[in-house]
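Asker: Could you slot chain B onto chain A? The hints should help.
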Amino acid sequence: MTASARHCDHYAGQRFPHLDRRKYGGEVVDACIVGAGAAGGVLAHRLARAGLDVVVIEAGPFWDPETDFASDELSMQRLGWQQTRLVAGDDPLKLGHNNSGRGVGGGTTHFTGVFLRFHESDFKTYSVDGVGVDWPLEYRDLEPYYTQIEKEVAVSGPRYFPWGPFRGPYPYPERDRLSANAWMFRKGCEKLGIRSVTAPLAILSAPFEGRPPCINRGFCNQGCMPNSKYSSLIHHIPKAIAEGAEVLTDCMVTQVEVDGRGHVTGVVFQHGGKEYRQRARYVFLCSFVVETPRLLLQCTGPLFPDGLANSSGMVGKAIMPHSSHDMYALFDEEIRLYKGTPVLATTQEFYETDPARGFARGYTLHAHGARPVEFAGGLASAGIWGKELRDALRDYNYFGRITLVGEVLPDERNAVTLADEVDEYGLRRAKVTFSYGENDRKLIAHAVETANQILEAAGGKPRYVVPDTAHLMGGCRMGADPETSVVDADCRAHDVPNLYICSAAVFPTSGGGNPTETVMALAARTADRFLERLQVRGRQTLEAARGR
Amino acid sequence: MAESRTRYPGYDVMAHAGAWDPHTRSIVERRLRPPAKPAFLTPQEAQTLRAIVSHLLYEDRDDILGYVLSHIDQQLGSPLGEAQRKEGMPPRPQRVREGLAALDKLAVRKHGAPFADCVVPEQFAVLAALQKGSRHEKEFFETLLALAVEAYASHPAVWSEMGYGGPAYPRGYYRIEAGVTDPWEAKAEVKPT
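Line by line, the protein sequences give chains A and B.
Under the numbering used here, the first sequence has 294 at position 294, and the numbering climbs by one with no breaks.
Under the numbering used here, the second sequence has 90 at position 90, and the numbering climbs by one with no breaks.
The shape of chain A in the complex, shown without the other chains:
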């Protein structure tokens, strides 16, 4: 590969296999951020830009897209969190690449790039529909941050978006060539009178900050190699580093340290079998839905016998995936599911509650491509093998696919707890328990039916339904009441004044669309609120010192 092809090396002089050059090794930094994913990246950038000393600690590697990523599904499974978790419940979750990330960028290295805002009703499902719980903030609190983040990463999308409070236009034009699968989807929707759009994507439709537009390679879920798709790996983390933040990688945080007052003082982490410490005035856990509760539940002391920040008993509870069934139909003409950005068309026509449907809340449907491993693996997971599987592989190019992103209601029985088994760091493994509720099942049945109608209207013969889930939310719910939630609307732990939890873990409900934009908007708001609080405190300290 020529040097010119390495158009996005942000890391020169920033990636070390060792920890001999720590910038703040013996010091107390202002902010220690655990996890360099969607939330950690935004926070690190904003806090470093405000002049704070910031250290980001990431369990996985500091990837270089050009040499670490490949156009290959099997070898890129490692972008997911592969460490073993135990799963239980009636519908045990598939984890790893399905919903988590490990390494700088976290899940954004392999997300599809679908960038959707939550709707107004998502923040008050209890008030509106009598299900779930209300968030302690509303759509209008996040609205300016949605707008900022969309501009910041140059989201491409339609001029007019027909659902929810935001009707467009998006900062960058919508992607202008639709794959055969996306076109099939839009045609089917059109026939049924269902509105559809080109999906809003954190994938470039034109050059931006030295990054080229998408080349329709199709491997969004395996790590973008041309750097056309947003990830915190290529955007917010390099920007944070440019503002002075330090990023420590291959460092697994094993403990949050707490003083006698119950305030956090920093974290302990392991690198290459050795233990290190980073002291900090504020700790931000941006370590997603499984590892955050796992870490908090293992930190116990006289002041917090059930785990740190867990006086409510809600740490680990009410986790939610999205139901994400894949509906396949066979067509007379080639679709070629491998071509182009996987999700190029979408509908949110079924997003809001419709009492006539017999269940609360709703869902998003995407035209969703698939490469061979996902296609064959999906069918295998639905119990198909032998000749039937082989025949389906022969017909691969004639299959079209629609994928569900369905809201799952919170249920405290769905939880991350600690298993008895211990991992290589000496930490107890996470046990992730999940079962769908009745409302979830009704929603899925409706969505499967709708998707099959669309496929049929487009000329396909529905063949397979592959049950699956995507994303994870909850486990450290935000709320106004410290008795029933872990953090407040600013993502600050009710129990611990200098501990923040900022990721999809704080979602009280799941919404019926892809969560990444909301995670990032929430992180941007958290940064603002934190910095405001810091300013007020700084003024008070100063005034106190002056004897007022």
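Hints listed in this document are in silico derivations from the structure and should not be mistaken for laboratory results.
Incorrect hints may have been included.
Said to hold, decoys possible - 25 Å max Cα-Cα, derived DSS-like pairs, lysine-lysine:
hint, chain 1, residue 1, chain 2, residue 2
1, B, K86, B, K132
2, B, K187, A, K461
3, A, K387, B, K132
4, B, K105, B, K132
5, A, K94, B, K138
6, A, K387, B, K110
7, A, K461, A, K187
8, B, K86, A, K94
9, B, K110, B, K132
10, B, K86, B, K138
11, A, K387, B, K86
12, B, K105, B, K138
13, A, K94, B, K132
14, A, K274, A, K23
15, B, K187, A, K387
16, A, K94, A, K442
17, A, K124, A, K442
18, A, K191, A, K461
19, A, K387, A, K461
20, A, K442, A, K461
21, B, K86, B, K110
From a predicted model like this one, the values you see are computed outputs, not experimental measurements.
Answerer: Chain B alone, transformed into the frame defined by chain A:
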């Protein structure tokens, strides 16, 4: 059999490997080399597994089965985690080892011979029984199927038969709309019936 496997008989995705980035190319080309000797599986386990995998995948070509087997062997010997493991199940390597032993017992009980020595219809019957069997049997079946299929669908010969255009960096795909193809893609010669 070749006819029923593909609608693109003349297509070889590897003919275009020169257009792929070196990292991807090296990963895919490794799958075409003679497989390493199993490190985790015993020769007897490997033999049984080969018979199982050939049925799971409806596949009889030695080179492809050899790659699938070496992938499974590598995964079972890897210190990396298995992402998720159902509560109460043994870790994946143990699960497969114990499962293979139990499979032979089942085959002996039902058909009077270890799995590898059963005739093909008997082998199919045993596998079908596993898929609908006890919690442990089902888990064993699903574990093997997932491992076998992810390798199979990563083999370039299978890609060619599927008419999959393959890795596309730095080149990309240009004619992505319905009814058009880039010059290097497979052109259907046999339509579905």
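Asker: State for each hint whether it applies.
Answerer: Hint check results:
1. B:K86 <-> B:K132: 17 Å, holds
2. B:K187 <-> A:K461: Given that 25 Å is the threshold and the Cα spacing comes to 23 Å, the pair holds.
3. A:K387 <-> B:K132: Answer holds: K387 (chain A) to K132 (chain B) is near 18 Å, not above 25 Å.
4. B:K105 <-> B:K132: 17 Å, holds
5. A:K94 <-> B:K138: Cα-Cα ~16 Å, so holds.
6. A:K387 <-> B:K110: OK: K387 (chain A) and K110 (chain B) at ~24 Å, within 25 Å.
7. A:K461 <-> A:K187: OK: K461 (chain A) and K187 (chain A) at ~15 Å, within 25 Å.
8. B:K86 <-> A:K94: Satisfied, since the Cα-Cα distance of roughly 10 Å is no more than 25 Å.
9. B:K110 <-> B:K132: This hinted pair holds, its Cα atoms lying about 16 Å apart.
10. B:K86 <-> B:K138: 12 Å, holds
11. A:K387 <-> B:K86: 28 Å, violated
12. B:K105 <-> B:K138: Holds, because 16 Å separates the two Cα atoms, which is no more than 25 Å.
13. A:K94 <-> B:K132: 20 Å, holds
14. A:K274 <-> A:K23: Distance of about 18 Å is within 25 Å: holds.
15. B:K187 <-> A:K387: It holds: about 24 Å lies between the C-alpha atoms, which stays within 25 Å.
16. A:K94 <-> A:K442: 21 Å, holds
17. A:K124 <-> A:K442: Satisfied, since the Cα-Cα distance of roughly 21 Å is no more than 25 Å.
18. A:K191 <-> A:K461: 16 Å, holds
19. A:K387 <-> A:K461: The given pair, whose Cα atoms are some 19 Å apart, holds under the 25 Å limit.
20. A:K442 <-> A:K461: 23 Å, holds
21. B:K86 <-> B:K110: 28 Å, violated
The structure shown violates the earlier hints numbered 11, 21.
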